[in-house]
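Chemist: Put together the whole structure using the sequences plus the hints.
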Amino acid sequence: MLDSKRIIINGASIPLRNDAPTRQLDVRRLGRVALALVDATMVALAFALAYWLRFSANIALSRDVVPSLGYYTLLVAFMLPLWLGIFALLGLYDYHNLLGGVTE
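The opening position of the sequence shown corresponds to residue 6 in our numbering, with each subsequent residue numbered one higher.
There may be inaccurate statements among the hints.
Claimed, not checked - Listed next, with one range per pair, are the computed distances between beta-carbon atoms:
#1 ALA39 <-> THR78: 48 to 54 Å
#2 LEU50 <-> GLY75: 14 to 20 Å
#3 ASN15 <-> ASN102: 44 to 50 Å
#4 ASN63 <-> LEU97: 34 to 40 Å
#5 ASP31 <-> VAL71: 43 to 49 Å
#6 ALA41 <-> GLY16: 47 to 53 Å
It should be emphasised that the hints constitute simulated quantities derived from the structure, not laboratory data.
Every value quoted in this text rests on a predicted model; they were computed, and no experiment measured them.
Note that CB positions come from ideal geometry on N, CA and C, so glycine has one too.
Modeler: This is the structure:
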């Protein structure tokens, strides 16, 4: 027998919990975190590729000044949160923008 607040199985009454809204929020939060991690990885790879193309692949316009890899890594460490913040401000992690369909 099924009641709106309890389920009865073999005479035992068990209360039902409605965790669906909480689970849905957790899934959305996990999705946003996953997107941010993927974005951070891609931005870091883009900076690494840019460094390699500019200073290691002999494509540089000027080879007079080549920053050390440590300096460039520190620069990326400061720029990465800035880029993720820009993405968030532009609404890239907003649930309605992600799955809301085309709104052009």
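Chemist: State for each hint whether it applies.
Modeler: Going through the hints against the structure:
The hinted window of 48 to 54 Å between ALA39 and THR78 is violated, with their beta carbons roughly 24 Å apart. For LEU50 and GLY75, the hinted distance range of 14 to 20 Å is satisfied, since their beta carbons lie about 18 Å from each other. In this structure, ASN15 and ASN102 meet the distance hint of 44 to 50 Å, their C-beta atoms being roughly 48 Å apart. A hinted range of 34 to 40 Å holds for the C-beta pair ASN63 and LEU97, which are about 35 Å apart.
A hinted range of 43 to 49 Å for the beta carbons of ASP31 and VAL71 is consistent with their spacing of about 46 Å. Under the hint 47 to 53 Å, the C-beta atoms of ALA41 and GLY16, about 49 Å apart, fit the expected range.
Of the numbered hints stated above, the single one contradicted by the structure is hint 1.
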